[in-house]
Amino acid sequence: MSDGMAGVMRSVIMATATVGVVMALTVRPLVAAQRGQNGGAPRSPQQAALVDLTGYWVSVVTEDWRFRMLAAPKGDTQGVPLNEEGHKVADNWDPNADKSSGNLCKAYGAAALMRMPERLHITWQDESTLKIEADAGQQVRLLHWGGRAPPQGQEPQWQGYSVATWQREGPRGTLAVRTTQMRAGYLRRNGVPYSDKAVLTEYFDRYAGPNNTQWFTVTAIVSDPTYLQRDFVTTTNFKKEPDESKWNPTPCEMPLMPLPTAEHPQDRPAIAGVPR
Amino acid sequence: MRACNNGGAMSTSTMTRGFVIGVTAAWLGVYGAKTLAAKAQQAPTSKPDSSGQTTRVNNDDLETLHVQKDVYLIAGAGANITVQVGPEGLVVVDTGDGLKNEQVLAAIRRLSPVPIRFIINTSDDSDHTGGNQAVAQAGSAFRTRSSFYDGAEVVAHENVLKRMSTQTPGRPMLPEAAWPTSTYFVPEKDLHHNGEAILVLYQPAAHTNGDSAVYFRSSEVLVAGDVFDLSRYPVVDKGRGGTATGVINALNRLLDIAVAGNYEEGGTMIIPGHGHICDEADLVEYRDMATIIRDRVQDMVKNGRTLEQVKEAKPSLEYDAIYGSPDALVEALYRDLAAPRPAAVKRNTK
Amino acid sequence: MLRANGRKHRHLLLLLAMTLVSRSAVAQVSLTGDWQQTDRTEPIIASYYIGDFTALPIKPAALQGGDSWDESRWSQPERQCTPYGASQVFRNAATVRLSEERDPLTQTLVTINMFVSTFAQSRTIWMDGRPHPSKYAAHTWQGFSTGKWDGNILTVTTTHLKQFWHRRNGIFTSDQTVVTEQFIRHGNRMTIVSMIEDPLVLTEPLVYSANMVNATDVQLGAWQTHGNCQPDIEIAGRPTGYVPNVMPDPKRGMEFATKYGLPFEATRGGAETLYPEYREKLKKLLDASNQQAASQ
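Residue numbers (this note's numbering), protein chains in the order written: chain A, 5 to 280; chain F, 236 to 585; chain R, 133 to 428.
If you are wondering where the hints come from, they were derived from the structure by calculation, not from laboratory data. Incorrect hints may have been included.
To be verified - Straight line, CA to CA, 30 Å or less: simulated DSS-like cross-link-like pairs of lysine-lysine:
(1) A/K250 x R/K191
(2) R/K391 x R/K415
(3) A/K103 x R/K415
(4) R/K416 x A/K243
(5) R/K383 x R/K191
(6) A/K92 x R/K391
(7) A/K250 x R/K415
(8) R/K416 x R/K391
(9) A/K244 x R/K191
Claimed, not checked - Only some residues are given here: those of chain F computed to face chain R with a beta carbon under 8 Å:
(10) L300
(11) I483
(12) N487
(13) A495
(14) M504
(15) H511
(16) I512
(17) C513
(18) D514
(19) D517
(20) V519
(21) D523
(22) I527
(23) D530
(24) L552
(25) E553
C-beta atoms are modelled at their ideal positions from N, C-alpha and C, and glycine is treated no differently.
Hey, can you work out the whole structure from these sequences and the hints?
Okay, here's the thing in structure tokens:
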């Protein structure tokens with residue numbers, strides 16, 4: 005072999021060795037992320053969390069204020085892409101009927117719960133189940149890892165059944181959740197409906213805000229072939245709270261109704277002794 | 236030590252050396268890239284910002300910014316200082332408060348070594364004229380005068396010279412070398428310098444009765460003086476002939492001259508007496524603010540309110556967080572608007 | 133020759149190593165492409181009622197601007213062509229195009245460029261770590277933006293914004309506003325969260341979010357909204373310098389409150405109205421209004 009060829013061979017050998025070293029140094033952390041610290045069993049979803057959502061959070065209602073802080077007048081469905089059937093249901097909403105039939109929690113289902121003015125307490129119920137408690141309506145959502153199918157024969161629930169995954173993007177990532185098997189409920193407090201066929205897809209992203217605050221935003225996509233012409237997308241912002249001092253669980257309740265308007269003169273709750 | 240023998244077989248020392256070099260190179264690659272990225276995050280670049288302006292931060296807290304075409308701003312020495320640069324020599328509008336003359340002159344020199352030909356004062360405020368003497372003496376006018384007038388020509392309204400050359404209580408008289416050498420008393424004085432028309436426009440009875448605005452026509456830069464001051468409400472100096480109505484008229488006159496670029500941005504750039512470089516949209520907000528407060532005071536005057544009642548009504552409430560105490564402006568407006576108007580002159584119709 | 137070969141080897145190794153590791157300095161997510169806004173419920177910024185200050189964490193003093201607002205202000209020639217500033221551009225951004233500019237040699241990301249169809253606004257997001265300009269630099273509608281990636285989230289900080297509007301019914305911003313945005317992509321969807329700090333007007337940051345979907349068939353016409361705005365005198369006979377405004381009157385907001393059945397006090401905004409505990413107060417206000425109406 006000539007000197008020139010030998011030189012080339014040396015280059016190749018040294019380059020290969022270098023590549024091997026570099027690859028080992030960069031690949032190892034990625035592999036470790038999928039394995040336990042001792043390099044043995046895979047890490048649990050809690051251990052592998054890409055985003056820390058635990059703690060107390062408060063919704064900051066700077067958007068859709070009059071749809072969220074109280075019920076908008078009946079039939080006011082602005083911004084929700086309802087189809088004809090959906091409009092029919094919304095136009096016939098009767099909150100008293102919901103009360104008398106024990107369905108006050110219809111507005112607190114998974115497809116709308118995160119839009120409520122509320123506080124959340126997020127914890128790990130176990131290593132593969134994230135628990136989201138909302139003080140509004142005293143609701144609990146359980147997000148399950150592992151792609152587990154919902155239990156057989158389970159009736160639809162207000163919070164449905166949620167399957168969660170971590171979606172990695174670089175060193176951080178997103179919590180992605182898909183919820184099905186929800187009981188029919190309301191996208192808005194004034195009876196804008198979603199059916200039991202609805203599917204809820206959510207992405208939870210956490211970031212730092214001004215003045216050393218921490219926030220997360222949940223982007224929610226509701227697909228409902230029964231009542232919606234197309235997906236209904238909302239984003240809701242939550243700010244981290246230092247502790248539970250403002251945690252205030254309240255049961256599902258009648259919506260705050262707006263004052264009577266020219267279009268909806270009857271939209272007020274009954275006042276004793278006062279005819280509508 | 237030979238690295239190659241017997242037709243290509245490597246010696247151990249060569250392999251070791253090669254491997255060490257390879258590993259070192261790999262690590263250097265890792266940390267080198269990261270360090271470069273980190274340094275890029277810290278060190279400013281030389282590219283202009285999105286407005287196309289480059290800023291040179293001097294070592295003396297003065298900042299020099301390119302405004303547009305031949306015109307520059309030197310900020311941080313009292314009022315804003317504007318400089319037109321060109322082969323015929325420099326035009327300097329206002330000279331600062333005089334406390335950083337050396338630094339101001341150094342900043343001017345960094346812009347161009349050509350002589351300072353003109354100083355134009357927008358008023359006789361001390362933070363606008365404090366550097367007159369130093370800057371004038373550092374320059375040279377085109378024509379030779381008596382020894383008293385060596386240096387750059389200082390242009391201002393004649394009321395500026397009157398005040399500068401008169402001893403007034405509580406105000407030290409500036410040395411003669413700081414006084415204007417070329418005054419005007421008509422609505423407009425025109426110059427032509429460095430290939431561009433420079434209009435010196437009288438703003439009567441505004442901030443004072445000696446206010447000028449300066450318009451560099453080709454560069455499309457309008458120097459407003461203290462009728463436009465981002466740091467506070469318009470200051471109306473009654474003792475020096477200023478009126479609130481005159482200030483508002485002056486702002487409207489500036490808006491008549493300014494022409495905005497596309498989507499109300501850019502076009503004529505406007506340098507306020509204090510604050511950042513502006514354009515027409517910024518000036519509109521300031522004019523609107525002054526006019527709205529004027530309208531409210533006028534309404535209350537019409538309804539017979541006293542000055543105290545007007546102040547209590549807080550006619551500037553939504554602006555106070557931005558511009559500070561409104562009392563002086565409200566008093567000036569009240570003075571203007573509550574003053575009895577002269578009786579109409581009867582015309583002889585025969 | 134051996135010495136020359138040794139230098140070549142070292143160069144080769146260094147180049148190889150840097151090629152392998154340089155990936156870590158490049159963003160993992162790309163926002164490049166055309167994006168269209170999905171349905172929204174909030175009114176576009178231009179269509180708020182007089183007196184609708186709901187959901188604004190404004191200082192009480194700022195209300196006077198709204199209480200004296202005259203919609204005719206937009207007829208001023210100097211305002212007719214005012215676009216949406218960066219703090220509000222996504223409140224009505226029909227279509228957005230994002231592209232990247234990279235250093236031709238190193239492929240390091242230098243800028244992310246944004247073009248918004250509404251009023252044809254362009255914004256450059258500097259990704260190279262440069263500082264923001266001098267406080268004396270001119271302010272623009274889109275300001276000066278710098279950005280950095282944190283995983284899948286692009287955080288953009290914008291300063292040097294012109295005085296604009298928190299809401300175009302009289303609640304203005306100061307020119308000291310700072311906007312922090314989070315651009316978050318999930319597949320073909322993008323969420324943009326804008327946090328607006330304006331301590332001269334707001335008591336806490338104002339947070340908005342916008343939802344966009346990746347679009348592949350944006351027609352040319354969609355890029356040409358308000359493409360050529362020429363101001364003109366719309367209302368003849370006004371004196372020079374006329375500024376439309378009315379004497380401050382909070383009661384002008386009653387029309388909005390009445391239309392939507394809201395207690396008037398609740399329409400006046402303020403940070404307390406943004407939080408869940410405000411519902412207790414809202415309930416009392418509603419009850420009081422109802423009782424008052426019933427007794428009349």
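* To do: Double-check F/C513 for me: the hint is only fine if its C-beta lies closer than 8 Å to a C-beta in chain R.
  => Since the shortest Cβ distance to chain R is 7 Å, the answer is holds.
* May I ask you to test the interface hint for F/D530 with respect to chain R, counting a Cβ-Cβ separation under 8 Å as satisfied? => Check passed: Cβ of F/D530 comes within 6 Å of chain R, closer than 8 Å.
* Asked: Hey, does the F/V519 contact hint survive, CB to chain R under 8 Å?
  -> F/V519 check passes; min Cβ-Cβ to chain R is 4 Å, inside 8 Å.
* Measure nothing beyond the straight line between the CA atoms of R/K391 and R/K415; if it is 30 Å or shorter, mark the hint as holding. => holds (18 Å)
* Asked: Within a Cα-Cα threshold of 30 Å, do R/K383 and R/K191 meet the stated pairing?
  -> holds (18 Å)
* Asked: Does the interface hint hold: is F/I483 within less than 8 Å of chain R, judged Cβ to Cβ?
  -> This interface hint holds because 7 Å falls under the 8 Å limit.
* Asked: Regarding the hint that F/E553 lies at the interface with chain R, is the smallest CB-CB distance below 8 Å?
  -> holds (4 Å)
* Any CB of chain R closer than 8 Å to the CB of F/N487? -> holds (4 Å)
* When the nearest CB of chain R is found for F/I527, is that gap smaller than 8 Å? -> Given a least distance of 5 Å, the restraint on F/I527 holds.
* To do: Would you check the hint for A/K244 and R/K191, treating anything up to 30 Å between C-alpha atoms as holding?
  => Within the cut-off at roughly 23 Å; holds.
* When the nearest CB of chain R is found for F/A495, is that gap smaller than 8 Å? -> At 7 Å from the nearest chain R Cβ, F/A495 passes the 8 Å test, so the hint holds.
* Per the CB criterion, is F/L552 less than 8 Å away from chain R? -> Because about 4 Å separates F/L552 from the closest Cβ in chain R, which is inside the 8 Å limit, the hint holds.
Hint violations for this structure: none, all hints satisfied.
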